[in-house]
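Quick mapping for you: the protein sequence lines, in order, are chains G and F.
In terms of my numbering, the first sequence opens at residue 163 and continues consecutively.
In terms of my numbering, the second sequence opens at residue 163 and continues consecutively.
Take these hints with a grain of salt, some might be off.
Since the list can't tell identical chains apart, any single copy or any two copies may satisfy a pair.
Stated by the list, open to error - Derived pair list, reagent style SDA-like, types lysine to any residue, alpha-carbon separation capped at 25 angstroms: (1) K430 x M748; (2) K731 x A883; (3) K457 x A883; (4) K747 x Q657; (5) K700 x N653; (6) K733 x S853; (7) K733 x S851; (8) K469 x N442; (9) K723 x Q657; (10) K696 x M652; (11) K733 x V697; (12) K248 x N653; (13) K491 x N502; (14) K876 x S431; (15) K491 x P445; (16) K358 x S648; (17) K249 x E333; (18) K723 x A266.
Source of the hints: derived by calculation from the structure; they are not laboratory data.
What you are looking at is a predicted structure, and each value in this text was computed from that prediction instead of being measured.
2 protein chains.
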Amino acid sequence: MERRRLLRFLFLIFTSIFLFFLTFLNLPYSPSTAGCDSSGNHPSPWYCTNRFLLKSPTRHLHKSTRHHSSDVPHHPLDPLTLQEFKKVQSIIKSHALFRNSAYALHSVVLEEPAKQTVLTWQKGDPLPTRKASVVARVNGEAHVLSIDIGAQEVTRRETGHLSGYPMMTIEDMTTATWAPLGNADFNRSILARGVKLADLACLPISSGWYGTSELEEKMRLIKIQCYSMEGTANFYMRPIEGLTVLLDLDTKRVVEIVDKGKSIPIPKSANTDYRFSAQNKQPNLVNPISIEQPKGPSFTVDDHIVKWASWEFHLKPDPRAGVIISRVKVRDPGTGKMRNVMYQGFTSELFVPYMDPTDAWYFKTYMDAGEYGFGLQAMPLDPLNDCPRNAYYMDGIFAAGDGTPYIRENMVCIFESYGGDIGWRHSESPITGMEIREVRPKVTLVVRMAASVANYDYIMDWEFQTDGLIRIKVGLSGILMVKGTSYVNMNEVNQEENLYGTLLSENVIGVIHDHYITYRLDMDVDGSENSFVKVDIKRQETSPGESPRKSYIKAVRNVAKTEKDAQIKLKLYQPSEFHLINPAKMTRVGNPVGYKVVPGGTAASLLDVDDPPQKRGAFTNNQIWVTPYNETEYWAGGLFVYQNKGEDTLAVWSERDRPIENKDLVMWYTLGFHHIPCQEDFPIMPTVSSSFDLKPVNFFESNPILGAPPNDEKDLPICKASAAA
Amino acid sequence: MERRRLLRFLFLIFTSIFLFFLTFLNLPYSPSTAGCDSSGNHPSPWYCTNRFLLKSPTRHLHKSTRHHSSDVPHHPLDPLTLQEFKKVQSIIKSHALFRNSAYALHSVVLEEPAKQTVLTWQKGDPLPTRKASVVARVNGEAHVLSIDIGAQEVTRRETGHLSGYPMMTIEDMTTATWAPLGNADFNRSILARGVKLADLACLPISSGWYGTSELEEKMRLIKIQCYSMEGTANFYMRPIEGLTVLLDLDTKRVVEIVDKGKSIPIPKSANTDYRFSAQNKQPNLVNPISIEQPKGPSFTVDDHIVKWASWEFHLKPDPRAGVIISRVKVRDPGTGKMRNVMYQGFTSELFVPYMDPTDAWYFKTYMDAGEYGFGLQAMPLDPLNDCPRNAYYMDGIFAAGDGTPYIRENMVCIFESYGGDIGWRHSESPITGMEIREVRPKVTLVVRMAASVANYDYIMDWEFQTDGLIRIKVGLSGILMVKGTSYVNMNEVNQEENLYGTLLSENVIGVIHDHYITYRLDMDVDGSENSFVKVDIKRQETSPGESPRKSYIKAVRNVAKTEKDAQIKLKLYQPSEFHLINPAKMTRVGNPVGYKVVPGGTAASLLDVDDPPQKRGAFTNNQIWVTPYNETEYWAGGLFVYQNKGEDTLAVWSERDRPIENKDLVMWYTLGFHHIPCQEDFPIMPTVSSSFDLKPVNFFESNPILGAPPNDEKDLPICKASAAA
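Whole structure, please, built from the sequences with the hints as guidance.
Okay, here's the thing in structure tokens:
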């Protein structure tokens, strides 16, 4: 007994030291120290450290010369500046609601002025009142506040009686991750698995909502699962399977420990590390290759306004959506005038359900934006690899839980892309014998962000083409969420389906999962009053004697009257085009001007619509939805997504079946992926991409890039290998 | 009467001069004079002219130093050399079948040795017997001949009793196009429309087969429709609507003239010309941009063998398929050995049905490979615009109707592409706090051809990724086939559907049509004996009490036993993965090695399956088919496609329902497009692209590009603007 007591004592001592050490270690990358001069009541806040600044200066071309402390907003949609964040922080600190209370700020962003105000605002006009929208939890209760920064006025917004909690703060995630180490039972479990506490890495896993426990109704819950870092940076491949800690996210108290997989070995570390430093160096199979622009890039970035070719738009980082693109306008080559295309577009929610119903897995049905903050998870981009040369990098400024602003450097990049594609071409054939060969290269502008939501990496692109097309693309890379198993070879497996995935390596199963990325596209096609037209492509049989043909296909236009007309499930054998038109604006020959959404990357959720995760992710029940503009309908999974019951989703809003003809419309599109992992995804996944397009359809009078010149030898750069090579 | 006679006389004189002039003018682009030293009996064959050699030397970087006259085959699949073509020509000329007969060679290509012979052949081995496969028509009858070039032996191959005719020769097309000018009624019709004969441009339109006329059964027919070139190079936008000439393709005799659209005005030429020289010069909105490789490209081309990164394959131009890729192998990063992926892949057929059942349009249901020769229509690529710098260009050598070889210079290009995409990446998030940011740029190798089948341009890419993925991509550009109309504004139109398309400009309708591109993919996944596995992704409901989840999705593997199991119609709500596996080869952990086809660019034909065009295009009845390897099953629409009845299609072969488990398999995939034209497609279409992928699935033990290095500043080029800029 004495010996056991001693051990326990040693554990506690060790754990405490370790916990302290890890808490310190476990700080987000934040190379800037901006915001750290504020006299916060945190002696050493995580966002002030620059201890872990990546030390590879030769690969960091972009020297951020923006100090941000002197940033001033110039556009109604410009995000809060460093100074504004600080004012908000001090307004809150001194406000009655917060005084003498425990509170955390789950979101501090610009409260955008009313759409009409922004639409009528012109450069040179005074800015509309600058307000912050703050989501705060005070003594366990959520408040949505509108803060007039100049007038220092705080207004509480009514949100109704919604289940669920606001997006986690980074502090929620980091402290929750390590909280189990304060629990001796947990530590014993870890050691019993043969893992040293120093080799432990844990992840905070949103617990969803299942209606199966009373705890769910009264507590903000999170589940923690852990991995061994021993011998690899890729701890994700070394799960301590079956060990799940249920934690009270508010008190960080361990509520329950389930330890069911003791017989499952932790997969070995061999061949899991993906870092270049861990590889056997081999000669590069591909010579250096680079996109070069001898006269520099053709775009300009003025604060948050990006101009390129015929395009102009406002771009800002957002802690929840990642990137928000607003006021997208394109120049009409005929009139020279800028024409509206989209008021605003962003990733409204991501839904990632895993397909394993067993105890340690069933709850993994992530909502990456509403639970984790998609923008908060966007890490600094790696110049020359995440984005090519000549890219421009934009920083994000976000607030920590206490309101202190911090800078996420190089969070978004903007670059021109040319991969050898062709904008348009025509050669005359030998049949006509005319000597024509006209070809135009295709150059595009890409806005990119890469979010690393724990293991997974999402590469989020908005690609603008000179012909008026916008391609919205998602690349999936990063690391699989894997399951430990005692199997080392498929010949031991009787019923393959019970793996719920693929055996990727000895003792490692890649579990089947889906990804759904739902975009909110507030389209303003040449004005705000639009209609949604479903152009059905249908077989028409001919009448007897009408034609030697028995059939042909025809296009039948159906204008959607109400929301239910615009709940679209795509069908290969009942195809349609999906147009958003301005019924009041016609082309010269009388077609309504429009943009169409061109689906791509389609996968439909197959979960039972009454399954709790699918109810929460009900915004994936259709691939396309159209709703009337409503400033409270931003987030497809609801304002408070964490642990909610799905009563505030796009599916619920749309069910009201409001009129949508000739209204200000919002279109929602969901990109989907079914992912059955394969061995090539181990230990890190080659990127898989999908995209959909917003494409002009009778928006222009004719091909808008008819006048584009071809490439000419004399304009291209003269290059040589770098002397350092 | 005298006056009329005089007019008629003048017409005839004029027409004769004009016809001569146009025949001379109307010669295909052929910059090389190779083959013209042969003592043919054509005094001035069209392929010998270089009158219309494009005169823009500054934009032609690729100086073809390959004279071809000394070409020697080095690989069993190498195409016929110039010398071999000439030998074939002389063997034919002196052969009994051809002596004293009118004949035309519709196809002269290498007769590929048996697959097994090619598979066992190794570099250094003597080449298998060189043979030519010739499709000839002699006195109106088609013959398929096998010609042993060395032994000068001619063998006739039995083709059975097939309807249809061989692919047209270029001479068929060019002479047919201008033949109506020998008909006075036709000329009168043209003049009556107000078109000068000198402004006339006509197109040869394959007539299909409808079973509605006796002529179809006994005559090789073609329809000719014409346009006015007055004021524009883009005559396609100026149709002489409703005037259709039915021609006997053998005698070039006019069989019938239908002239129904006299009241329809010819659309104006304004704004139709797309040539750069015809534009109002505007400043370029985009600065010069180029893919630069300071150490040059990383691929090698040795005759027809291309090697790049881990890939090796054989590449050759083909008059019918365009480009044929063979013996595709990839190096296993684990063992260092080359492993088979695909024996051969090419575009087997294109089916382009237009959706207008009226008299002048119903028959437009093109088969671009089997009727026109997709490779024959591939024009020389435009360096710096069709393909970026550092591209390698490959010439095609084809035979004219009399067997004389000619060179299609720069028909195919090969280049490395980098557009800023990411091969794989991972950053560690603030949650775990590890300082990791590993990103690898994505560089690919593209093989490109661009075919201009009259108005339309198809950009055909085979893109190889370092991670083992092959992307097969089609870009559609070029010019719409439009219909004249008396409408100038949609407000005149009562029943929109009766336009059969979109009013694009005054008097111009872009007619709805589909494109189907069917690929024959003779996969050899790590060996020739493969199985096709449909991995169904299905909802599984949980049992009561099993899980808080009601449902999840699971993957159910179904091995196809016979062909009908592999006739696949894609369904969004009944999704599957489609694997070709080698059931005899397992990974270390026991998964069968495989490749999957990842559908993309899906559109299904909606025509009635009993409609004559759909019977002929029945290979589009499914998106995927798998057949056992059969060397007679190459062309999805049949060996003789022109005017056939559809009795020799993939659909017919597959209906035999042969066993396909653990066999040498051929997979067929059809990319589809529904095209409802829009004004942006006028007067030339911005490229629309679609693609599908062949992707390794447990083919490699793990991510094959784990060891790839990141970009480093020191390796990238130093560039400056050209002094000439």
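Checked hints:
In this homomeric assembly, K430 and M748 come within 25 angstroms of each other (Cα to Cα) only across copies, at 21 angstroms, whereas the closest approach inside a single copy is 65 angstroms. Within a single copy, K731 and A883 get their C-alpha atoms no closer than 52 angstroms, and across copies no closer than 51 angstroms, so neither meets the 25 angstroms cut-off. Taking the closest pair of Cα atoms, K457 and A883 come within 25 angstroms of each other both inside a single copy (18 angstroms) and across two copies (7 angstroms). Proximity of K747 to Q657 under the C-alpha cut-off of 25 angstroms is restricted to the inter-copy arrangement: shortest distance 20 angstroms between copies versus 60 angstroms within a copy.
In this assembly of identical chains, the alpha carbons of K700 and N653 lie at most 25 angstroms apart only when taken from different copies (24 angstroms versus 49 angstroms within one copy). With identical chains, the CA atoms of K733 and S853 are at most 25 angstroms apart both within one copy (18 angstroms) and between copies (19 angstroms). Proximity of K733 to S851 under the C-alpha cut-off of 25 angstroms is found in both arrangements, the shortest distances being 21 angstroms within a copy and 20 angstroms between copies. Taking identical chains as interchangeable, the C-alpha atoms of K469 and N442 lie at most 25 angstroms apart only when they sit on different chains, with a minimum of 23 angstroms there against 44 angstroms within one chain.
Taking the closest pair of Cα atoms, K723 and Q657 come within 25 angstroms of each other only across two copies (21 angstroms); inside a single copy the shortest separation is 50 angstroms, beyond that limit. For the identical chains of this complex, K696 and M652 are inter-copy neighbours only, at 19 angstroms across copies versus 48 angstroms inside a copy, given an alpha-carbon limit of 25 angstroms. For a Cα distance limit of 25 angstroms, the shortest separation of K733 from V697 qualifies both inside one copy, at 13 angstroms, and across copies, at 20 angstroms. In the homo-oligomer, the alpha carbons of K248 and N653 never lie at most 25 angstroms apart, since the shortest distance is 61 angstroms inside one protomer and 59 angstroms across protomers.
In this assembly of identical chains, K491 and N502 lie within 25 angstroms of each other by CA distance solely inside one copy; the values are 4 angstroms within and 49 angstroms between copies. Taking the shortest alpha-carbon separations for K876 and S431, neither the intra-copy value of 54 angstroms nor the inter-copy value of 33 angstroms comes in at or below 25 angstroms. When the C-alpha separation of K491 and P445 is checked against a cutoff of 25 angstroms, the pair qualifies only between copies, where the shortest distance is 20 angstroms, while the shortest distance within a copy is 46 angstroms. Proximity of K358 to S648 under the C-alpha cut-off of 25 angstroms is restricted to the intra-copy arrangement: shortest distance 21 angstroms within a copy versus 83 angstroms between copies.
With identical chains, the CA atoms of K249 and E333 are at most 25 angstroms apart within one copy only, with a shortest distance of 21 angstroms there and 80 angstroms across copies. For a Cα distance limit of 25 angstroms, the shortest separation of K723 from A266 qualifies neither inside one copy, at 44 angstroms, nor across copies, at 61 angstroms.
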